[in-house]
Structure formats: structure tokens, C-alpha cells
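Those letters in the sequence shown? Residues -26 to -1, 1 to 252, by mature numbering (1 follows the signal peptide of the UniProt record, and there is no 0).
Since the hints were derived computationally from the structure, they do not count as laboratory data.
Any given hint might turn out to be false.
Derived lysine-lysine pairs resembling DSS-like cross-links, with alpha carbons at most 27 Å apart [as the list claims (entries may be wrong)]: (1) LYS165 - LYS60; (2) LYS219 - LYS244; (3) LYS74 - LYS231; (4) LYS246 - LYS70; (5) LYS74 - LYS96; (6) LYS27 - LYS60; (7) LYS74 - LYS92; (8) LYS231 - LYS247; (9) LYS247 - LYS227; (10) LYS96 - LYS130; (11) LYS231 - LYS165.
Remember, predicted model here, so these are calculated numbers, not experimental data.
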Amino acid sequence: MKKWKKMAATLLVASLGLVLTACSNAPVNSHSTGIWDGLIVYNFSRAIIWLSKAFNDSYGIGIIIFTIIVRILILPLMVYQTKNMKEMNELQPQLKALQKKYSSRDTDTMMKLQEAQKALYKENGVHPFASMLPMIVQLPIIFALYQAIWRTPALKTGHFLWLQLGSRDPYFVLPILAAIFTFLSSWLAMKSQPETNAMAFTMTLIMPVVIFFTALNVPSALSLYWVVTNAFQVVQTLLLQNPWKMQREREEKQRSKREHEREVQKAIRKAKKSHRKR
């Protein structure tokens, strides 16, 4: 299941360029109508411009602050995702036992496996596709941000550091940073898992590459969003899903379990010895 989630994430990011190129190029303003243009894209544009005014109309800083606000707003969703992922990890031994029990590949056995897995998820209050929610929420934000920049003349022609926000980064600094932070956030998340597999490792390497080449072909303002959001993700992972802390907790839990088992065995031996003396 994790394999399909990661593959879906890669395909969604890879298709971003195609989706964005199909969007309208008509400027958005106070006369724009419709839910997408008038309510979402135009208000994204207004929010970035309003935030920029506090920094001498620096639209780049406006985008950075806007990105941080977005990440804070979806933080409860990320906390829920992290909690759900931890619970999923706790169920891995039981899931493996079910896979071993229903190991045949015929249709009936596979249906029984799926039903058993659903029952296990329901019993423990786990939602296996919860990890997709943050990505599903962020995709419309990325689309709307692109549209707000591309369809607002002030943002499209705005400058920040060496960047023209409506054009690609000429020095590839932002695509490289976006790829690095994407790798770090994926690597930290992978390190927090009790077990890793070849697919997880491969996706940890593929996602930064996909982000890098996508960022090469979109406005630098969108690349700036990716850099900030993935840097935020790195900090968030270290706080909520610190792999070294989780590893220590697992080791402590395993140590407590072994000590409990030793105490049980010791009690059994003591009981048997006492019984023989009688």
C-alpha cells in the first residue's frame, strides 16, 4: 500500500507541469468571477501583495510568509498524518501475520486478506490513506499560487534577490534547494520507520529528482514555495517524527518487552520448582 501511495505522489508532482500549462492566462482582478478565479486565485494574489507591503513591496518575502501561514494552517492535518503513520507502524507485525496467513494469490484468499486488513484498521482506528491528505490539500494550493503569480502583472514582473518571480531561476539555485529539502524530508521520514524496503529507498531518491526537473520549468515564485514548504517539512519532521527519538523509544519498548518475558519465564521456572518440591 505504501508503494502505491508513493507512486501516486510522484505521478501527481510529475504531471504538475502539464496541468499548469493548460491553465488560463487571463489576468485576475476585482472583476474576476467564479469560485476558482474570483474566490481562490484572486484572493491568493491579494494576500501575497498585502503581506508584501510590510516589506517594501517585496513579493518574494510575501510568498515566503504566505507559504509559512499555509503550512501552519495545515499543521493539524500533518499532526494527524504523523499520528496515523505511527499507529500504522505499530500494526506492521499483525499485518505481516495476516499476509502470511493468507499467502495464496488466488482471488478468494486475496479478498479475505483485504477484509482482514480492513477489520484490523477499523479495530485500531487507523486510516491507511490518511498520509495522502496533506498532498491532496497542497496540490490545489500549488495550482492557485501558480495562477496568482502568472495572472497578476505585479507578481509576474516582480523581483526578489536575483529572481524575476514570473520566470525560471536562471542559476538553478531554487530547484537545487527544493530537491535537497525534499530529499531531507523524505529521508528523515524513512529513517523514522521501523523497517525500510527497496521501494521506499528508491522513492526517497526519485522524488527530489522529480521536484528538481519540475522546478526548472515553472516560475521561480513556485520554486520558492517548494523550497520554503520542504524546509518547513524538515523542521516539522524533526519535531513531530524525530527518527532518532523514535528509534530510542522502539529500543526501550523492545527492552521492556524482553525484560517482561524474562520475568515471566523466571516466574514459570520458580513455580515449577516449587511444585516439584511438594
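Cross-check of the supplied hints:
no. : hint            : verdict
1   : LYS165 - LYS60  : holds (13 Å)
2   : LYS219 - LYS244 : violated (37 Å)
3   : LYS74 - LYS231  : holds (23 Å)
4   : LYS246 - LYS70  : violated (35 Å)
5   : LYS74 - LYS96   : holds (20 Å)
6   : LYS27 - LYS60   : violated (42 Å)
7   : LYS74 - LYS92   : holds (16 Å)
8   : LYS231 - LYS247 : holds (24 Å)
9   : LYS247 - LYS227 : violated (30 Å)
10  : LYS96 - LYS130  : violated (48 Å)
11  : LYS231 - LYS165 : holds (23 Å)
Hints 2, 4, 6, 9, 10, counting from the list given before, are not met by this structure.
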